[in-house]
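Assemble the complex: chain A is given as a structure, and chain B must be docked to it using the hints.
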Amino acid sequence: MAAVKLGIQDKKDLDKFTKFLALKAAQIIVQSRLGEKVHTKCKPHSSGTDWFNLAIKDLPEVLTEAKKVLCGEVATAQLPLCVEISLRTVEGDTMMLETWCLGMLPDQCDPSVRITYTVYNRMSILLKSLVSVTRCTPAYKLSRRQGPDSFVICYRIYVGEPQFHNLGEGYSQVRVGQLSTPVGTLQLSVAYRTKMTISPQHTGRDTSIMLKSDHFRPDLSPRIVTRKESVSSSVLIAEENTTSLSETIKVGAFADNSRPPAPPGDSDLVFPDVPFSSLLLPKQQSPPQGSPLQMPILTAQFSKQETITNTAINTPLPDDNSELSSDSNGNVTPRAISASNSRRSSCSLASANEDFIMVDLKTPFAGSNANSDLGAFYRECQSAPPLRTFQEVPTLAQQVEDLTEQLEAFESNMAAYDEVLGQLCPHLPTDTN
Amino acid sequence: MNARSQTFELTVEGRQVDEAVASIFHTVLFHRSLGKFRYKQEGSYSVGTVGYEDVDCDFIDFTYVCCSSENLDQTLKREISGFSEALRCNDGPGSGQISLEFFQKKKNRWPFQPECIPWEVWNVRLELIKLTTEHERQVCREKVGDMLTDKILYIAEIMNRHEYVPKMPNQSELDLIFDTTYPDVQPYLFKLSFTTSGPTNTSVGMTMKKLIKETLSL
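Which chain is which? The protein sequence lines are A and B, in order. Everything in the first sequence is counted per our numbering, starting at 1 for the first residue and increasing by one. Everything in the second sequence is counted per our numbering, starting at 1 for the first residue and increasing by one.
Please note: incorrect hints may appear among the correct ones.
[To be verified] Computed cross-link-like contacts, DSS-like style, restricted to lysine-lysine with a CA-CA straight-line distance of at most 27 angstroms:
hint, chain 1, residue 1, chain 2, residue 2
1, A, LYS41, B, LYS77
2, B, LYS167, A, LYS16
3, B, LYS40, A, LYS43
4, B, LYS191, B, LYS167
5, B, LYS143, A, LYS195
6, A, LYS11, B, LYS77
7, B, LYS191, A, LYS43
8, A, LYS16, B, LYS40
9, A, LYS37, B, LYS167
10, B, LYS77, A, LYS43
11, B, LYS40, A, LYS41
12, B, LYS77, A, LYS37
13, A, LYS12, B, LYS167
14, B, LYS167, A, LYS43
Don't read these hints as lab results, they were simulated from the structure.
Here chain A stands alone, though its shape is the one from the complex:
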């Protein structure tokens, strides 16, 4: 093995460098998620703690955590080291956002590389890349918006294979960088969540609130009150709304709710899948089924969905503006952060948006004049307009006059008729005979 060729001193150095690489990487990751802008000063004279010629502060708490898991003497044997970043709401819901992982690929090694010089400098570059990349993942923007009354960002350092299953569907994986050593290739990578939706079971109680029909009256809405109290993250609100929205979608405003009345054997309906059939169904069946309630519920759901979308996309902005002043650099960035978040949450709404095309269809039954449109059409078909012939009925005198005229005309043309008959009749006797 290549490791055997490595001198004792080199091996010792490599191990020490790797250990500090792991410790500093953990510091960089955690510090980038504190929600504050980092600023470290250049130093002309490096001190003992300034590893890799990069001014990285050492937070004692993080150092303790990292050292705890890296307790072994051989750092390279302790890899992979993972730093997990998650979000925790005031309600106690958690969502894992990303997992950073420093691992060692033992198959790819470079025995020729110099430890003290090349490896050390490359570790420095790797950490610089880490500093730059930590500002690029979605969790960075979230972390800048955290607060004790909305959500906080938490971290967990562990040794072992990275756990990605909590990152939700469609998470992304990015390699920050790697470097070859005589014992293998050190690789730093991150896997991050792309769908910022808290799973529904956590927000079950919120959904019940959402379903209240008075929810969207601004003065009564408990949710809006909450938000005012705790200039809380609109991001979160957007997420919660997303959750409840997806749930309402699952309920199936058109399909599921309207289908139960359908099976009772209305074979007249030719197109059960067409949304319009659901418009007709409750009407036709309402007397026997006693389901006139169906309509108001549907309508409520529709208007709600519409409002939710608006909340998710637009309302975060005012809140953010109020938070702007408190932002340290006072520019518009936080607003954009939230916007991007709402954008991301609206991405997760993709399926919902498809359904929203149907919102146009709500007009026939949602509006107050719903019956007039459909009803008028129905009546028009049922009682067909009278033919124009019947509308222009001539008077009796006119009719009589007309008759005499006709008779006179027939009489005057008698000769012609006889002629025609004469032409026809000669054949008849011959045929019969």
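Frame of chain A, contents of chain B only:
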């Protein structure tokens, strides 16, 4: 020797030019700057520590990291704003390219100037767009932010390929590799240059306008 060359293409609004370019070049320079060298004796030197700071963009939904060196930032800002002004001065949608070139010097015989040999070039090609509504701006600041994220990831990828960089020099040759004029950091020698295609178009347009006007006034 052929220099490595990377080109990034971005479509931005006029006011995003400075920040878009700065975020890319600062990230590159952060990777390509070392701590100040201090020579104890020939063959032995100590390296200072590079500090860094987060910079939030005003017109882009983005935060980048740069060396915490005011002088380096000033150098970059000066060059970039020259490019930005040239690009934005014309009315029509312009385009242009700004380059960050790393080079090393090679001593020449007196009286010739030392030769500059580039070894890495980073180009940013910008296409300007005009936006009319606030909504479009909002979409654009997010979009440019996302594009810059991709660029930063790509820069990290390139940096970790560990391709050629000039060898560490002796004390006497330090100035041939590094820019030692900064008090706090020591970047590899670099220079910035730009070209814009916008103004030439406009000047042609202006000439045509002038010609037509003159013809009409006759």
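- Item | Indices of hints not satisfied (ascending) | 6 and 9
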